[in-house]
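**Q** Sequence:
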Amino acid sequence: MSKGLRILITGFGPFPGAPFNPTPPLVERLAKLRRPALSDVTITTHIFDVAYATVDLELPQLLATHRPHALLMFGLAARTPWLRIETRARNAITTIWPDRRGARVRKGSIAGTANARAFGPHVFRLLRAARLTGIDARASRDAGSYVCNYLCWRAIEAADHQTGPRLAAFIHVPPLRRDGSARVPGGMTLEHLADAGEAILLELVKELRRA
Numbered sequence: 001m002s003k004g005l006r007i008l009i010t011g012f013g014p015f016p017g018a019p020f021n022p023t024p025p026l027v028e029r030l031a032k033l034r035r036p037a038l039s040d041v042t043i044t045t046h047i048f049d050v051a052y053a054t055v056d057l058e059l060p061q062l063l064a065t066h067r068p069h070a071l072l073m074f075g076l077a078a079r080t081p082w083l084r085i086e087t088r089a090r091n092a093i094t095t096i097w098p099d100r101r102g103a104r105v106r107k108g109s110i111a112g113t114a115n116a117r118a119f120g121p122h123v124f125r126l127l128r129a130a131r132l133t134g135i136d137a138r139a140s141r142d143a144g145s146y147v148c149n150y151l152c153w154r155a156i157e158a159a160d161h162q163t164g165p166r167l168a169a170f171i172h173v174p175p176l177r178r179d180g181s182a183r184v185p186g187g188m189t190l191e192h193l194a195d196a197g198e199a200i201l202l203e204l205v206k207e208l209r210r211a
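Quick note on numbering: the working numbering labels position 188 of the sequence shown as 188, and the sequence is numbered without any gaps.
Hints may contain errors.
If you anchor each label on the Cβ, the simulated ranges turn out as follows [stated by the list, open to error]:
| hint | residue 1 | residue 2 | range |
| --- | --- | --- | --- |
| 1 | 42 | 96 | 35 to 45 Å |
| 2 | 113 | 80 | 34 to 44 Å |
| 3 | 185 | 20 | 17 to 27 Å |
| 4 | 96 | 35 | 36 to 46 Å |
| 5 | 179 | 115 | 18 to 28 Å |
These are computed hints drawn from the structure, not numbers from a lab. Built from N, CA and C at the ideal position, the CB exists for glycine as well.
Full structure from sequences and hints, please.
**A** And the structure:
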């Protein structure tokens, strides 16, 4: 797989408790990258509303329309000051917090199968690429129980299908101010996230070329 690569990069909009989500400007920055390693890569982007029904409706449509070889997803972890590379999706969904559309689920699991589903060993190479930019990045085994984790689960499901993306990854980013500056002194900025996001994207392209 060396020519005509297609990558779908996604983010999320605001949600209750987080009126500003930094993932849309991050996704926009990554989509505008011009690098030799990306010369044969078609990047498409999408911003999900933070709603379970939106994920269920739009993710299959995006995969069918763009047929990406890889899916790179970003979400906001409002209480985490570092970059989180998710290694798996949990078969868990909150029954307490409604999504942005007010939907509240009544069952605490996504599917009647395994307790978790793993993205695969490639995520640790993405983690290493992010760390080489100097950012504080860590592997995470808990993507929460909200819409981010739900998207993780659905993405891994899609990647398990023969016609789905070959690779998928989900990155949780810390909160930023609206101007892209750090929320705390010495904290991460949009520039930091863009540098790490670029490194992750380029490593993902390498992984696809090895496939």
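**Q** The structure should be examined with respect to each hint, and the outcome stated for every one.
**A** Hint check:
no. : hint                  : verdict
1   : 42 - 96: 35 to 45 Å   : 40 Å, holds
2   : 113 - 80: 34 to 44 Å  : 27 Å, violated
3   : 185 - 20: 17 to 27 Å  : 19 Å, holds
4   : 96 - 35: 36 to 46 Å   : 43 Å, holds
5   : 179 - 115: 18 to 28 Å : 41 Å, violated
Violated hints for the displayed structure, listed by number in ascending order: 2 and 5.
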